[in-house]
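Protein chains: 2
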Amino acid sequence: MSLKRAFLSIFTAFWVLSSVVGCTADSSGASESDVAIVIHGGAGTILKATMTDETEAAYRAKLEEALRAGHDVLSEGRSSLDAVIAAIQIMEDSPLFNSGVGAVFTSEGTHELDASIMDGATRNAGAVAGVKTVRSPIALARIVMEKSPHVMMSGSGAEAYAEENGLEMVENSFFYTERRFNALKRAQEREMSTLQVDAFDLPLSPGAEKIGTVGAVALDRQGNLAAGTSTGGMTNKKFGRVGDAPIIGAGTYADNRTAAISATGHGEYFIRGVIAHDIASRIDYAGEDLVTAANAVIMDKLGELGGTGGVISLDRSGAIAMPFNTEGMYRGYIDMDGNMVIQIYGPSGE
Amino acid sequence: MSLKRAFLSIFTAFWVLSSVVGCTADSSGASESDVAIVIHGGAGTILKATMTDETEAAYRAKLEEALRAGHDVLSEGRSSLDAVIAAIQIMEDSPLFNSGVGAVFTSEGTHELDASIMDGATRNAGAVAGVKTVRSPIALARIVMEKSPHVMMSGSGAEAYAEENGLEMVENSFFYTERRFNALKRAQEREMSTLQVDAFDLPLSPGAEKIGTVGAVALDRQGNLAAGTSTGGMTNKKFGRVGDAPIIGAGTYADNRTAAISATGHGEYFIRGVIAHDIASRIDYAGEDLVTAANAVIMDKLGELGGTGGVISLDRSGAIAMPFNTEGMYRGYIDMDGNMVIQIYGPSGE
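Protein chains in written order, with the working numbering: chain R, 288 to 637; chain G, 288 to 637.
Okay, chain R solo, but in the shape it has when bound (with noise of 0.2 Å):
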């Protein structure tokens, strides 16, 4: 515990430093606009040590297209919520994250997805879990928030609706990856999850296994926030389980009075500790900023808890915190001045 206490203080550090923006300028040559978006692409074991130039320039190269896809849309003066949508389905569609394609199996080898979205105009929101045959589970998240009376729904049930409302449906298979399948059988000959495979399958596949949750947050020109996440959970997960990225507080949240948070992670401890309301509830009760709260939470907070894992956050300010207490995780931003940053390390890479 003492460890792992110090560890985290060296990624405060690390943290107090990369989280301030622009201060590694990649910037995209954009104008000023009033608009902004953060995505991540999962949080984890992720070290340059062990991460070849191909498959870092590959993922760079995601983040960048998924981002500028969310930011055309704010460009163009439509909703958050739209740029949301279309930055997390470029990275759904690819097999590099863990969701649409290339997220993790079930321990009944298929495919599982949960997907949630936050409007922070209004406070509705969407969330499904446990979907098997929608190609853009946020997508569904979207139509259960704005054509349904309801907030969640899950399995076959959300299925169906998805279905009703001519979403784009196909097999399950849809989703493989052989990277992930392989990932899956060498869970199951440990008979373990994951989330502690990963140290070993570090040296095969460098950095990938269990991450890859993604997300983002938007700001629009009409000062309105969103966030969305989405996933295919845990490799090898068994009993239904269900995560924090369907959990609206856990790994959404979106409210224009404070802030939008999604979140990457060892979900189970992003649902105990509310995490991503938890941000919102310091910047609304406490009156703190939003790096600080969203510092708070993640440095203190979940590691109190003994959870691993990020988020990032922007608020109508334009304010961007992107925390994280694992060694790296994907991130990026197009902040308000069109600055574009892309992050993948902690501490020892940029």
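There could be a bad hint or two in this list.
Because identical chains share one entry, a pair is satisfied inside a single copy or across any pair of copies.
Cut-off 27 Å, straight-line C-alpha distance, at most; resulting in silico cross-link-like pairs (BS3-like, lysine-lysine) [unchecked claim]: (1) K434 <-> K588; (2) K472 <-> K434; (3) K588 <-> K472; (4) K434 <-> K525; (5) K419 <-> K525.
Everything labelled a hint here was simulated from the structure, so no lab data went into it.
Knowing the structure of chain R, use the given hints to seat chain G on it.
Only chain G this time, still in chain R's reference frame:
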């Protein structure tokens, strides 16, 4: 909207009166102690005008039985978790409430049960959604919390876990009651959810159509808080709809540092408002006392969102708050002085 606000004001005024602990003294004669328990059996359109004396007596007797079962556990020096389970299981087994036996029907004519529990000492939590064959969903939620690495399980996976752990399994028809079956038929004839049906059904089946999520919060001799909630959801529910009862932070939350909370009402609004955690956050970050925090969240925030329902809540000092913005809420407590209070109605009743 202005009518609704006026309505809420009346209930706020009422609530301030009714929620003062012990104002209705129905003393159990127990001696002073350092334990307390609060329960609810659902909030909604509960009016004295449409309730028979017999029905009212049945509810009062069952609420008293549940309170005494939980309080006995606490008096023996056992944990608040044990007390929450004992109280909730009495109500799960009673056809009077929408949990366990007496659960409402889905659109497919089945029962799908949700429950969650949280330990205020460790902030560990367990939840199950959409289980059909587990006699006591709250017992399964506890097993998930204590024996699995997960917080939430759903559907057939959760049932498999229950079976592996030796919980009592039953046929889905075990939960059947004629009253709920008739409610489904009426709802389907009108093709609307029960939340809309209630107003129509009141003359036929006094005040009990959609009502009846059950919950308990307790404080044990060790000073530990716990909270639990169990429900059958919404009559005629479709698409694997999940309400707030199995969502940690929405329907259930417990933290020794703040309070134990269990909610009941129109679940979608409790999820969007992250209602249970919001009460805890106001205590934690705004420094409010329990009664002020619970009142503000239910009477102001929930109302602003357009939601209806209530919560029971308890803190380590033994303070109790039971605000609701509906006509009534089945509720009761035994406080630290051993006073037992059971209440059903809003302003017009006791």
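Here's how the hints hold up against the structure:
no., hint, result
1, K434 <-> K588, "between (36 Å within a copy, 23 Å between copies)"
2, K472 <-> K434, "between (39 Å within a copy, 25 Å between copies)"
3, K588 <-> K472, "neither (34 Å within a copy, 48 Å between copies)"
4, K434 <-> K525, "between (31 Å within a copy, 14 Å between copies)"
5, K419 <-> K525, "both (15 Å within a copy, 18 Å between copies)"
Consistency note: the structure conflicts with earlier hint 3 alone.
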